[in-house]
Amino acid sequence: MEGVIQTIAYGIVVGALYGLIALGLGLIMGIMKFLNIAHGTFIMLGGYVSFWLFALWGIDPYLSIPLVIVAMFLMGLLLYKLTLSPLLKLPHIGMRIDNSLLVTFGVIYVLDNAMTLIWKADVRSVIASYTGGALNLFGTRVSYTGLAGLGIAVLAAVALYFILSRTYFGKHVRAATQDAEAASLCGVNVQQTYLISCGIATALAGMAGVVIVSSYSVTPTGGLSWLLIGIVVMVLAGEGNINAILPAGIMLGLIESASVFVVPIQYRQAIALLIFIIVLMFRPQGLFTKRG
Amino acid sequence: MLEISHVDVYYGDLQALWDISLTIGGGEIVTLVGSNGAGKSTIMKTISGLLKPKTGSISFEGIYLDKLPAHRIAELGISMVPEGRRLFPQMSVLENLEVGASVREAKKARHNTIRWIYELFPILRKRAKQRADTLSGGEQQMLAIGRALMAQPRLLLIDEMSLGLSPLLVQEISQVIKDINKSRKLTIFLVEQDVNMALSMADRGYIIENGRIQSQGDAKELLCSERVKETYLGISPVEKAG
Amino acid sequence: MSTITANWKKLLPSGVALALFLVLPLVMEIGTNILNLMVMLFIYVILSQSWNLIGGYTGLINLGLAAFFGCGVLVTHFIWSTGVPIYLAVTAGGISAMFLAGVIGLPTLRLRGVYFAIGTLALAQVCRIVVGNTFTRMVQMPISYVVNYNFISRYYLGLVVALIAVAVVYLVTNSKLGLAMAAVRDDEEAARVTGVNTFRCKVLALLISAFLAGLAGGVYAFFQLTFQFVSSVFSPLWTFGPVMAVIIGGIGTLLGPVIGSFFLVILSEIFALTTGEAHLIIFGILFILVVLYFPHGLVGSVDRVRQLIVRVGRSRLWKAIH
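Going down the list, the protein sequences come from chains A, B and C. Heads up, the first sequence is in my numbering, so the first residue is 1 and it goes up one at a time. Heads up, the second sequence is in my numbering, so the first residue is 293 and it goes up one at a time. Heads up, the third sequence is in my numbering, so the first residue is 535 and it goes up one at a time.
Pulled out of the complex, with its shape left as it was, chain A reads as follows (with noise of 0.2 Å):
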């Protein structure tokens, strides 16, 4: 019984820093039609700021949340003025999704690269007073910073569901995503709805580097492991719907964790992805949509 209960813990804890990750992957999906596969080297980046501020002034990775999520905001804006914007240029959907998956694979080179030159290959994490320390919760143990993360996760995707469904902002951000033209007649400049929104996704990535910095590790090239994890949440989601992106994200940490009783522990990420390649080919629309 103990077991099953860590399980689950376990599964939660893991699945509520999935869902934080999906998260800007899932809103510039949504909202812009692009796929940002850099987003797993934002997460990176986003580690590697609270690191070198944990490094060289002592703060807690925690407590760096607000500067990482503006510095890393101010990131989003010049991504998206340097390599999406000339995208919104191309007439089919269909291209501008494509290229979108070509620029920002060169983004990946790019940052990759300049965060390998400049912090070198090391593995870096946050080691505080209270890391590998945990909480003993329903006759179980859940390590201080996964309860952290899982309070990060659920504020983030709480703060963006208040934002795109009461602020006026968010209304913004829904008309141009449901038909941007009749948004702009309506008023509504949707490029600058764009640029603020791609602010806040790769915010997002920056909240998820903090949390995986402190409970495991960042690379300069460790990026891409954890967007597939994003890929994944934001499919099982559905397009667009943002809202299920952090109950998916923890149904997956729940599959995964079970899985331990299934398959040795190094096949794990395997069996996610296979089973991410199954949904896809049979319900392509996600798990928690409605509609067909």
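Some hints here could point you the wrong way.
[To be verified] Here chain A is said to cover these stretches of chain B; the calculated rule only asks that three of the stretch's residues, wherever they fall, bring their Cβ under 8 Å from a Cβ of chain A:
1. 316-330
2. 357-368
3. 386-392
4. 501-511
[As the list claims (entries may be wrong)] Listed next, the stretches of chain C that the computed footprint assigns to chain A, with coverage defined by at least 3 CB atoms under 8 Å from CB atoms of chain A:
5. 549-560
6. 657-664
7. 698-712
Hints in this document: simulated from the structure, not taken from any laboratory. Positions of the beta carbon are idealized from the N, C-alpha and C atoms, including for glycine.
Chains B and C: place on chain A using the hints.
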């Protein structure tokens, strides 16, 4: 108020409009009629900024519109009810109206404006929380018009309002529009396939065929003209004589 | 054949270059460093032609090319180690990659647009994880192979396979299949409506592309006898490098991948000696610029420059006459 001067519009390499010139004065209801594919919607899209003219100019109260993006044109006071309504399907009636008031000045006054829209179209108040894609065709058209009015425009463009609506509904809605034109001095430019309805409603009219303006003049005179009757109303001289 | 004789002026530079490549190592003493570099270049040419076939000509962005490459490496390595002649082993590598493509390609090809790219990326990662956990120790050849290592034969195998790759792409793109591929790339819906069997076309393109990538893997297995971490041949870098070569060189052209590979591999080597890792960043920026502003790559830019010169020349001539 609005002056279109010798405008050519292309879709890629395909020319759609040739040497279009027309004017719209403040407080008027002006209509542009023509058959399917004649270029009516193209003109609307060009005025509202979704398309750009290759040559010629469009000015609104002295400001040139040809280089401005659509949202800037909306800010200047031109609002369009697009062809096919183009509501935000997954957003509620209320939210659609709110997005319509995205222009800064309009946003401040939106609560009052919404109240006014509900007076014009009471059914919208009833459906306020419903998703736009669950409304009937007529309700959607009313919402589309309401959304365009939220921006408190000085010029309202209406593109093919009557499509898919019953004649009774078209009557109702055109009455509302005539009333707004009188009470708020709102200039209206509407583009229509239903020639009868449009010319009965308007002060002046233009006729467009194959991307070129064929004739213009007082709406009532156009309605009575032989040409219009033959081409659009299906009344041939032989029948009339008999 | 007639098109070749008709265009002999355009083909002359390539012909000369080809002759040089064929003959030079036989008449000159070429250092092993340069031979190594050339083999890597040939592998890049094969891989980039492979990617170009499915990406540039058919419009399907395959982010999992490394899976086919790695498969070719492994299969060739193990077959060759049993004593089978290398050219048969390499062919086996190509065929095995084709099988892999059949198995994973058929389901992924039903995915629309971007999901095909994601699916291939995920599958390559799966391969990488599985292989990495299956072959945990170093993979190597018996000593006899190491002792008899001959750089020149690596060079020629690479060159021959590279030529085969270019020839295959040329033949395919100039066939009915090539027309179908172009139709799928430009507008799949329209193609299907006009009776093109788009699914069959995509499958064939993927199979041929995988075959070529597998051959490239075979060449690499012949070249690199020992693998510390075998999963490295499934690394995304083996996808990313060729993609960059194709895009920078000119997507959807026959020579683009070749030029792009030259550019990347040779310049990489030159820069590596001087600026360290920074040149990779420059390549990445160049890649982004090409995708955004010069979609026809180097090949296209050369064409455009040529057209510009002709246009300027003609207008000057016209002015001079009048």
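Each hint, compared with the structure:
1. 316-330: violated (count 0)
2. 357-368: Satisfied; 5 residues make the cut.
3. 386-392: With 4 residues close enough to chain A, the hint holds.
4. 501-511: violated (count 0)
5. 549-560: Answer violated; 0 residues pass the 8 Å Cβ test.
6. 657-664: As far as the stretch 657-664 of chain C goes, the hint holds, because 5 residues have Cβ atoms under 8 Å from chain A.
7. 698-712: violated (count 0)
In summary, the structure is inconsistent with hints 1, 4, 5, 7 from the numbered list given earlier, while agreeing with the others.
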